[in-house]
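Please put together the full structure from these sequences, using the hints given.
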Amino acid sequence: MEVAEVTTKDVLDVRGLVRRYGDLTAVDGVSFHIRAGETYGLLGPNGAGKTTIISMVAGLIPANEGSVRVAGLDMTPSETEAKRIIGLVPQELAIYPDLTARENLKFFGRLQGLTGKDLTRRTNEVLELIGLSDRAGDLTKKYSGGMKRRLNIGIGLLHRPALLILDEPTVGVDPQSRNSILESVERLSVEGMAVLYTTHYMEEAERLCDRIAIIDEGRFQAEGTRDQLITLTGGVDRINLRGGGSTSRAAEALSALPAVQHVDSDGAGLMLTVSDGPTALAGIVTGAGDAGMSVTSVEIVRPDLESVFLHLTGKALRD
Amino acid sequence: MNTLTAIAAVELRRFLRDKSNIFFVFIFPLMLILLLGSQFGAGSGQARVTISGPGSALAQALTAELEASGADVTATGADTARTDLSRGRADVGLFLDDADAAAFDAGRPAELDVVMAPESAAQAVLQQVRTAVQAVGLERGQLAALSGAGIPQELAGTALDQAAAEVAVPTVEIVDANDVEQEFRGLGRFDLGASQQLLLFVFLSSLTGAATLIQARRYGVVGRVMSAPVSSGQVVAGQALGRFAIAFVQGGFIMVGTALLFGVDWGNLWLSGLVLVLFCAVSAAAAMMIGSVMDNDTAAAGVGVGGGLVLGGLGGCMVPPEFFPETLAAISLATPHRWAYDALADIQRHEGTFADILPQLGVLAGMAAALLVLGAWLLRRSLSRAL
Numbered sequence: 021m022e023v024a025e026v027t028t029k030d031v032l033d034v035r036g037l038v039r040r041y042g043d044l045t046a047v048d049g050v051s052f053h054i055r056a057g058e059t060y061g062l063l064g065p066n067g068a069g070k071t072t073i074i075s076m077v078a079g080l081i082p083a084n085e086g087s088v089r090v091a092g093l094d095m096t097p098s099e100t101e102a103k104r105i106i107g108l109v110p111q112e113l114a115i116y117p118d119l120t121a122r123e124n125l126k127f128f129g130r131l132q133g134l135t136g137k138d139l140t141r142r143t144n145e146v147l148e149l150i151g152l153s154d155r156a157g158d159l160t161k162k163y164s165g166g167m168k169r170r171l172n173i174g175i176g177l178l179h180r181p182a183l184l185i186l187d188e189p190t191v192g193v194d195p196q197s198r199n200s201i202l203e204s205v206e207r208l209s210v211e212g213m214a215v216l217y218t219t220h221y222m223e224e225a226e227r228l229c230d231r232i233a234i235i236d237e238g239r240f241q242a243e244g245t246r247d248q249l250i251t252l253t254g255g256v257d258r259i260n261l262r263g264g265g266s267t268s269r270a271a272e273a274l275s276a277l278p279a280v281q282h283v284d285s286d287g288a289g290l291m292l293t294v295s296d297g298p299t300a301l302a303g304i305v306t307g308a309g310d311a312g313m314s315v316t317s318v319e320i321v322r323p324d325l326e327s328v329f330l331h332l333t334g335k336a337l338r339d
Numbered sequence: 088m089n090t091l092t093a094i095a096a097v098e099l100r101r102f103l104r105d106k107s108n109i110f111f112v113f114i115f116p117l118m119l120i121l122l123l124g125s126q127f128g129a130g131s132g133q134a135r136v137t138i139s140g141p142g143s144a145l146a147q148a149l150t151a152e153l154e155a156s157g158a159d160v161t162a163t164g165a166d167t168a169r170t171d172l173s174r175g176r177a178d179v180g181l182f183l184d185d186a187d188a189a190a191f192d193a194g195r196p197a198e199l200d201v202v203m204a205p206e207s208a209a210q211a212v213l214q215q216v217r218t219a220v221q222a223v224g225l226e227r228g229q230l231a232a233l234s235g236a237g238i239p240q241e242l243a244g245t246a247l248d249q250a251a252a253e254v255a256v257p258t259v260e261i262v263d264a265n266d267v268e269q270e271f272r273g274l275g276r277f278d279l280g281a282s283q284q285l286l287l288f289v290f291l292s293s294l295t296g297a298a299t300l301i302q303a304r305r306y307g308v309v310g311r312v313m314s315a316p317v318s319s320g321q322v323v324a325g326q327a328l329g330r331f332a333i334a335f336v337q338g339g340f341i342m343v344g345t346a347l348l349f350g351v352d353w354g355n356l357w358l359s360g361l362v363l364v365l366f367c368a369v370s371a372a373a374a375m376m377i378g379s380v381m382d383n384d385t386a387a388a389g390v391g392v393g394g395g396l397v398l399g400g401l402g403g404c405m406v407p408p409e410f411f412p413e414t415l416a417a418i419s420l421a422t423p424h425r426w427a428y429d430a431l432a433d434i435q436r437h438e439g440t441f442a443d444i445l446p447q448l449g450v451l452a453g454m455a456a457a458l459l460v461l462g463a464w465l466l467r468r469s470l471s472r473a474l
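Line order of the protein sequences matches chains A and B.
For the first sequence, the residue numbers in my numbering are 21 to 339.
For the second sequence, the residue numbers in my numbering are 88 to 474.
Quick caveat, the hints were computed from the structure, so don't treat them as lab data.
Backbone N, C-alpha and C define an ideal beta-carbon position, used for all residues, glycine too.
Some hints here could point you the wrong way.
Claimed, not checked - Below, a list of computed lysine-lysine pairs in the DSS-like style, where the Cα atoms sit at most 30 Å apart:
hint: 1; chain 1: B; residue 1: 106; chain 2: A; residue 2: 162
hint: 2; chain 1: B; residue 1: 106; chain 2: A; residue 2: 29
hint: 3; chain 1: A; residue 1: 137; chain 2: A; residue 2: 162
hint: 4; chain 1: A; residue 1: 137; chain 2: A; residue 2: 161
What the hints assert, rightly or not - Here's a subset of chain B near chain A, in silico, CB distances under 8 Å, partners left out:
hint: 5; residue: 90
hint: 6; residue: 104
hint: 7; residue: 306
hint: 8; residue: 307
hint: 9; residue: 308
hint: 10; residue: 311
Said to hold, decoys possible - The calculated label-pair distances, taken between Cβ atoms and stated as ranges, are:
hint: 11; chain 1: B; residue 1: 441; chain 2: A; residue 2: 99; range: 40 to 48 Å
hint: 12; chain 1: B; residue 1: 103; chain 2: A; residue 2: 140; range: 21 to 29 Å
hint: 13; chain 1: B; residue 1: 107; chain 2: A; residue 2: 326; range: 45 to 53 Å
hint: 14; chain 1: A; residue 1: 316; chain 2: B; residue 2: 382; range: 52 to 60 Å
hint: 15; chain 1: B; residue 1: 107; chain 2: A; residue 2: 158; range: 18 to 26 Å
hint: 16; chain 1: A; residue 1: 159; chain 2: B; residue 2: 357; range: 55 to 63 Å
hint: 17; chain 1: B; residue 1: 457; chain 2: A; residue 2: 100; range: 27 to 35 Å
Here it is in structure tokens:
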């Protein structure tokens, strides 16, 4: 798929964005930028401020402070030129259920300035892309949830935007459709489209995003690549040993190993914090056995974005 | 322009796609007009006379005389004639029997039974019947006199015809003194009902159609539209155009449909169309207001039906405002229906010109402008609310 050419370095440049609702500051001094071909993730729980940021980036609501520039153009609610460059895929299914997929696409295509043969061609291309060509004439209220989601995304792609904004596009979608959506986003990124992707699913952010901002209570808690964010936790793994026998002696013995930083025990076994789990695993299992613990299962938990979020905010991502 | 028409067209398409709308917008009004015309239609103002009894020279002479005077004469049985009179389907009934026929044939005086319908208009028709009976009696008497003087009957008849042709007989213009009856004279059976139902349904459908505006916000479509390169002004104008298109399509359908199916005379079509355009603009603006103020589409449809019926009733779409008491008539002037009704009445009944209906057009245009400004402002606010 062709992507509209953007000459500026950053497709999106957001600086010091603030949005207040009365006494509540929903977004507090957020800054980030996205380049062509880059997928940028906003990861945070519901109510963190992701959709408010997207609403300002898409020019739906004004910012109280700060600026949004899309391909070098200021983005405000009254700015129509900058809006030509973005494609918004809202979290809710923003489609008419009493129109067909083709009619929905043509309607939104006209709003983007597409007409005549160009509109028909792009409508057919997008229907093909989202796999709805054979159901294009059906009313969308007869579609499954996954099909509606695909159409929702397709509408955002009609006019070949340089920046695609996806607000939690996989909420309420079955695993197969979710995978299809994620593959589409990966493909668009490879083709040079800049993507702003919000989610509260850690796995999606890890899979799709080149850079991720962790957001909570309207503020960026951290930003960077996945690996950069992981290092914020200290880069330690957790090893869970399950079993019986002399766990207290095993805990004492394992604490003495150089790779082991900390050992906790509960009724079911031991939980170890180690600097390099896979390398240290063999010595830990042997040491536990030697100390009289009968190990029945071993689990290595590598640090992930969930751990990072927990580390930074003190609460789980889905709280 | 593309944006405007795209928004308007999608609103119209969605409205027409709803099967229940097809029935209530296009079929139901015509059914109601047919029903009202059949049950209560006042006819064309022509005197309606029934003649019951055996076929006779008397019946033929009376029929010919009455028809010559412009009356609509129906020969029927006595029972049917009484039913027609009691239900207002006939103004005057003449009940003839064998004795009457024999007396007429013999040139003797006859006493005819006449029954008049309770409507006040029947008084004028009774006078018309009385004149016809006198004319028939006079002619019969003259023929009898000439025959008695030895003139053959054929020659006597010819001489009377010649005399009638040569002598200018003074005529009596029968004028109904009742203002209300006079107001409706000349209207076809379906004309009044058609104009009333046109206004009632165009407004009603517009208000209930406001639900689609609320749905567009609820579906999140408004937010998506606003992220496209369109201004809020274009969205508001597109929505207004969409509401107007819905109203005008229905109004146009009712006008054309009733003209073709029921022979409704809309008078000067350009002027009637102009009244419809302005009334549709008022309806569209009112729909925008409801669709902007309310957030529940089901409740909005309920308010639309209720509001549409109340305003329609007040505006003369159920009972003609000519029958309203003074206070109610004054109140009805607050509704757009009343002004449109008066304009259509002027065009349909009195061949009203543009100048004649200018006051009504001016009020409708003023109402449309005021409501459009208010509706646009409310819609803008509702767009912000949707984001």
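Verification of the hints:
At most 30 Å may separate the alpha-carbon atoms for a hinted pair to count; residue 106/B and residue 162/A meet this at roughly 16 Å. The straight-line distance between the Cα atoms of residue 106/B and residue 29/A is roughly 52 Å, outside the 30 Å bound, and the hint therefore fails. Between residue 137/A and residue 162/A the CA atoms are separated by roughly 28 Å; this keeps the pair inside 30 Å, and the hint holds. The straight-line distance between the Cα atoms of residue 137/A and residue 161/A is roughly 27 Å, inside the 30 Å bound, and the hint therefore holds.
Hint on residue 90/B holds. Least Cβ distance to chain A is approximately 6 Å, under the 8 Å limit. Using the Cβ-Cβ criterion of 8 Å, the hint placing residue 104/B at the interface with chain A is satisfied: the shortest such distance is roughly 5 Å. The restraint placing residue 306/B at the interface with chain A holds, with a minimum CB-CB distance near 6 Å, inside the 8 Å limit. Against a cut-off of 8 Å between C-beta atoms, the interface hint on residue 307/B holds, since the closest Cβ of chain A lies about 4 Å away.
At a threshold of 8 Å, the smallest CB-CB gap from residue 308/B to chain A is about 5 Å, leaving the interface hint in force. Using the Cβ-Cβ criterion of 8 Å, the hint placing residue 311/B at the interface with chain A is satisfied: the shortest such distance is roughly 4 Å. Taken as a hint, the range 40 to 48 Å holds for the pair residue 441/B and residue 99/A, whose Cβ atoms sit roughly 46 Å apart. The given range of 21 to 29 Å is respected by residue 103/B and residue 140/A, whose C-beta atoms sit roughly 22 Å from each other.
Against the hinted window of 45 to 53 Å, the Cβ-Cβ separation of residue 107/B and residue 326/A comes to about 50 Å, which satisfies the hint. The hinted window of 52 to 60 Å between residue 316/A and residue 382/B holds, with their beta carbons roughly 58 Å apart. At roughly 20 Å, the beta carbons of residue 107/B and residue 158/A sit within the given window of 18 to 26 Å. Under the hint 55 to 63 Å, the C-beta atoms of residue 159/A and residue 357/B, about 40 Å apart, miss the expected range.
Checked against the hint of 27 to 35 Å, the C-beta distance between residue 457/B and residue 100/A comes to roughly 29 Å, which is consistent with it.
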